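Fit chain B to the given chain A structure using the hints.
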Amino acid sequence: DVKVTQSSRYLVKRTGEKVFLECVQDMDHENMFWYRQDPGLGLRLIYFSYDVKMKEKGDIPEGYSVSREKKERFSLILESASTNQTSMYLCASSLLVTGVGGNEQFFGPGTRLTVL
Amino acid sequence: GQNIDQPTEMTATEGAIVQINCTYQTSGFNGLFWYQQHAGEAPTFLSYNVLDGLEEKGRFSSFLSRSKGYSYLLLKELQMKDSASYLCAVSANSGNTPLVFGKGTRLSVIA
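One line per chain: the protein sequences are A and B, in this order. Under the working numbering, residue 116 is the last one in the first sequence; the count climbs by one each step, no gaps. Under the working numbering, residue 111 is the last one in the second sequence; the count climbs by one each step, no gaps.
Mixed in with the good hints, there may be bad ones.
[Claimed, not checked] The calculated label-pair distances, taken between Cβ atoms and stated as ranges, are: (1) Arg14/A with Leu74/B: 42 to 52 angstroms; (2) Glu14/B with Glu17/A: 44 to 54 angstroms; (3) Thr86/A with His38/B: 14 to 24 angstroms.
Note that these hints are calculated values from the structure, not bench results. What you are looking at is a predicted structure, and each value in this text was computed from that prediction instead of being measured. Glycine residues also receive a C-beta, built at the ideal position from the N, C-alpha and C atoms.
For reference, chain A alone in the conformation it holds in the complex:
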């Protein structure tokens, strides 16, 4: 059974703290993604990675960084958390598919982060 896990379901941090969100997948997928999801705004892509040590900015990378040292693990870092980063954070992974055949994304359970 495919699995994407995230380090915490709920997290409460204070403004200015450094926050690490961890994501691990056991499917040997090349691609990994970080999204945030807010009411009325849908899923917004923060960063993604298609290989170890590779990263690409998504639609809203400001205030975030990422790390991918191993294929199965993709970390999202909030260098200095702010209240507007309170959100649900979702990690996803997908296989590298070339040619016809969509690259289905598998999601982790999400981390609800509150920044006070």
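Chain B only, in chain A's frame:
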């Protein structure tokens, strides 16, 4: 640019049929996905269409027209547990390109 449109909210009665529409404009096309997301949970895969036509899977069916940039998700014999958000997502290219997601349609099933 990339754009996916779907209605924000819908309400339907238990036992009825509901159709959730999705229109898209993307730089390329390599398939369309529908995901279901219950409140507070992660999205889960429902269906995938890459060729025109209807794909049926139990109570759920998904239709695609590539020439019209249009898809719909059809839910039959609605149950209360079908109350959820339904996300339309397009694979614009193969390889490592992320899916482009719509904002989701929140479906409420009422008795």
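Quick rundown of the hints versus the structure:
{"no.": "1", "hint": "Arg14/A with Leu74/B: 42 to 52 angstroms", "verdict": "holds (47 angstroms)"}
{"no.": "2", "hint": "Glu14/B with Glu17/A: 44 to 54 angstroms", "verdict": "holds (46 angstroms)"}
{"no.": "3", "hint": "Thr86/A with His38/B: 14 to 24 angstroms", "verdict": "holds (21 angstroms)"}
The structure agrees with every numbered hint stated previously.
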